[in-house]
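Enquirer: Listed below, chain by chain, are the residues.
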Amino acid sequence: MKPFTYEKAQSPAQAAAAVARNPGAKFIAGGTNLLDLMKLQIEAPTHLVDVNGLALDRIEPTPEGGLRIGALVRNTDLAADERVRRDYGVLSRALLAGASGQLRNKATTAGNLLQRTRCPYFYDTDQPCNKRQAGSGCSAIGGITRQHAVVGTSTACIATNPSDMAVAMRVLDAAVETVRPDGRTRVIPIADFHRLPGNTPHIETALERDELVTGVTLPKPIGGTQIYRKVRDRASYAFALVSVAAVVQRDGSGRVALGGVAHKPWRVEAAEAAMPQGAKAVTAQLLAGAQPTHENAFKLPLAERALAAALAQARS
Amino acid sequence: MHSPTIPLPLISRRDALIAGAVTAAAVSSASAPAAAAQPAPPAAAGPRAKLSLNVNGQTHSLDLDTRTTLLDALREHLHLPGTKKGCDHGQCGACTVIADGRRINSCLTLAVMHDGGQVTTIEGLGTPQNMHPLQAAFVKHDGYQCGYCTPGQICSAVAVLDEIKRGVPSHVSADLTARPLLSAEELRERMSGNICRCGAYSNIVDAITEVAGSRA
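Residue numbers (this note's numbering), protein chains in the order written: chain A, 1 to 316; chain B, 1 to 216.
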C-alpha cells in the first residue's frame with residue numbers, strides 16, 4: 001500500500017468537504033473492496049476519510065410507504081431486516097447470494113453500489129486497462145473473456161459490474177441519495193447511477209468525486225413473487241456468470257433485471273411487456289444488440305434459461 | 001535464490017519455486033529498464049495513528065503506520081500469531097476474527113478503523129487446557145490436516161452459530177421469513193468464506209454440527 005493520512009469524518013457534508021479539499025482523498029466505509037485494491041496499488045489514495053462513525057446505519061420507513069436504507073447499513077443487516085425479507089425479498093436474496101458471511105458483515109450498502117469490476121485485466125497491473133489507466137487500452141478485448149459483458153459494451157471496455165445487490169435495487173426502482181460539501185443533496189434514480197463504459201470506462205457512476213452517498217430509498221412494496229437466481233462456477237462465494245432478479249405478479253406481468261452481463265445492472269423496461277409470453281420473448285428484447293465474444297456467447301442462452309427457471313419457480 | 005550449499009538433488013519444493021520465480025523475473029525483465037530488475041526498496045515510513053484496541057479482554061494502546069491492517073496489528077504488533085495470513089485479500093478466511101461481535105476478514109480492514117473496538121481471536125476463545133467447545137470438537141472430529149485455516153474456521157464457526165441463533169438468513173434458507181434451520185447445508189453455505197486446502201470440510205461440518213446440537 002502507498003502511504004496515506006487518515007481522518008474520521010464528523011458529518012456527511014464535512015466528509016465530502018474533506019475529500020473535496022484533498023485531490024488524493026477517498027472515502028472509506030467497509031473497506032473490503034478499497035483495501036484489496038490499495039494492496040495491489042490499483043487504488044492509491046493519499047488520504048482516507050473514514051465515514052464509519054456517521055449515523056447512516058439505520059433502515060427507516062419513508063412517508064411514501066417505502067424504506068430508506070442508510071449508506072452504512074451492512075449487507076448482513078440489510079439482508080436480515082424483517083421488512084426487507086417480507087416486502088423486498090429479491091433484495092435480501094441478492095445480498096445473500098453475494099460474497100461470504102465475513103465480507104457481508106463489513107460491506108456497506110453504498111460500498112456495494114460502488115464496488116469495482118473483478119475483470120482480471122483490471123486487477124493485473126502489468127496489462128493495459130482503460131478503467132485503471134484511462135486511454136491505455138483494453139486487454140480483455142481479444143483476451144480471455146468468459147466472464148465479460150455481452151451487452152452495452154464499447155471498444156474501450158467489456159467489464160461487468162460485479163454487484164448482486166445493485167441488480168435487485170434496479171428491479172425495485174431504488175434511488176440513491178447523496179450530499180455535497182456545501183450540504184446540497186440530490187437523488188439519483190438507480191437506472192442513472194451506473195454508467196455504460198463508452199469511451200470513459202474509468203467513470204463508473206454519476207457521482208462527483210466529492211459526493212457522498214448517504215442512503216438508498218426503496219419505493220413502497222410492489223408485492224409479487226420475488227426471485228434472485230444466480231448462476232456461477234461454484235455453489236457459493238463466487239461472482240455471477242449470469243444472474244436474474246425478477247418480480248412476477250399473479251397475472252404473469254412483472255419486472256426483470258440481469259447481472260453479470262453488462263457494465264451496469266441490465267434492465268430494459270420495454271422488454272417486460274413480454275413477461276406473460278415467457279423467457280424467450282423477454283430476453284429477445286432484453287439482450288437485443290448483444291455483442292458477445294465466442295467465449296461468452298453462452299451467457300445469452302444462459303440468461304434465457306435462468307429467467308425461464310425463475311418464471312417456473314414463480315408459478316410453482 | 002536457494003542456498004548454494006544445498007545439493008541440487010535435495011532442493012526443496014519451496015526453493016525450486018523461488019528459483020523458478022527468479023528465473024521468470026530475469027526473463028521478463030530482459031526488455032524492461034534496468035531499474036525494474038532491482039528489488040523493491042522497503043516501503044517508506046508512512047503517516048502514523050494512535051489507537052486503542054481491546055483484544056481478548058485486554059486493552060492495548062498502539063501507535064501504527066495507518067496502512068497496518070487489523071491482521072498485521074494482531075500478529076506483528078500484539079504478537080498474537082494464532083490469526084493466520086492466507087491470501088491477504090479476503091478470499092480465504094484464514095484471518096477471520098470476531099470484531100465487536102461479528103466475524104470479519106481482519107486482512108481487509110485497517111487497525112485504525114477499529115480504534116476503541118473489541119476483537120476476539122482464537123487465543124481468546126480457549127486455551128490448550130481449557131478449550132472452547134468448538135476447538136474440542138475440531139480435535140475430536142479431525143477438522144483439519146495442516147491446521148493453517150483452523151483458527152479462522154473456528155472463529156467463523158463460533159459466529160455462524162450466533163448468526164443462526166439470531167435468525168440471520170442465508171442463501172440456502174428456503175423461507176426468508178422463517179427461522180433458519182441448523183442443517184449441514186446451512187453450515188456449508190455459511191462457512192463458504194473459509195477455504196481449507198487440505199479438504200477437511202466434511203469433518204469441519206461434523207464438528208460444528210455436534211456443538212450446535214448440544215447447544216440447541
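Since the hints were derived computationally from the structure, they do not count as laboratory data. A portion of the hints provided could be inaccurate.
Pair by pair, the computed Cβ-Cβ distance ranges are [said to hold, decoys possible]:
1) 206(A) <-> 174(B): 34 to 42 Å
2) 165(B) <-> 219(A): 28 to 36 Å
3) 315(A) <-> 129(B): 55 to 63 Å
4) 198(B) <-> 127(A): 43 to 51 Å
5) 185(B) <-> 55(A): 32 to 40 Å
6) 118(B) <-> 124(A): 22 to 30 Å
7) 183(A) <-> 146(B): 52 to 60 Å
8) 3(A) <-> 123(B): 24 to 32 Å
9) 313(A) <-> 209(B): 27 to 35 Å
Residues from chain A that face chain B, not an exhaustive set, calculated with beta carbons under 8 Å [said to hold, decoys possible]:
10) 14
11) 35
12) 39
13) 41
14) 55
15) 85
16) 86
17) 89
18) 92
19) 97
20) 102
21) 236
22) 239
23) 294
24) 298
A virtual CB, placed ideally from N, CA and C, is assigned to each residue, including glycine.
Enquirer: Now, for every hint given, state plainly whether the structure supports it.
Expert: Status of each hint after checking the structure:
1. 206(A) <-> 174(B): 34 to 42 Å: holds (38 Å)
2. 165(B) <-> 219(A): 28 to 36 Å: At 33 Å between Cβs, range holds.
3. 315(A) <-> 129(B): 55 to 63 Å: The hint (55 to 63 Å, Cβ to Cβ) holds, given that residue 315(A) and residue 129(B) are roughly 59 Å apart.
4. 198(B) <-> 127(A): 43 to 51 Å: violated (33 Å)
5. 185(B) <-> 55(A): 32 to 40 Å: holds (38 Å)
6. 118(B) <-> 124(A): 22 to 30 Å: Violated: the Cβ-Cβ distance is about 38 Å, outside 22 to 30 Å.
7. 183(A) <-> 146(B): 52 to 60 Å: Holds - the Cβ-Cβ distance for residue 183(A) and residue 146(B), about 55 Å, lies within 52 to 60 Å.
8. 3(A) <-> 123(B): 24 to 32 Å: Since residue 3(A) and residue 123(B) have Cβ atoms about 30 Å apart, the given range 24 to 32 Å holds.
9. 313(A) <-> 209(B): 27 to 35 Å: Check passed, 29 Å falls within 27 to 35 Å.
10. 14: violated (18 Å)
11. 35: Residue 35(A) check passes; min Cβ-Cβ to chain B is 5 Å, inside 8 Å.
12. 39: holds (7 Å)
13. 41: violated (11 Å)
14. 55: violated (16 Å)
15. 85: At about 4 Å, which falls below the 8 Å cut-off, the nearest Cβ of chain B leaves the hint on residue 85(A) intact, so it holds.
16. 86: Hint on residue 86(A): holds, closest Cβ of chain B at ~6 Å, below 8 Å.
17. 89: holds (6 Å)
18. 92: holds (6 Å)
19. 97: It holds, given that the least Cβ distance between residue 97(A) and chain B is near 5 Å, below 8 Å.
20. 102: holds (5 Å)
21. 236: With a closest approach of 4 Å, the residue 236(A) hint holds.
22. 239: violated (12 Å)
23. 294: With a minimum Cβ separation of about 29 Å from chain B (threshold 8 Å), the hint on residue 294(A) is violated.
24. 298: This hint is violated: residue 298(A) lies away from chain B, its Cβ roughly 23 Å from the closest one there, beyond 8 Å.
Going down the numbered hints, you'll see the structure goes against 4, 6, 10, 13, 14, 22, 23 and 24, while the others check out.
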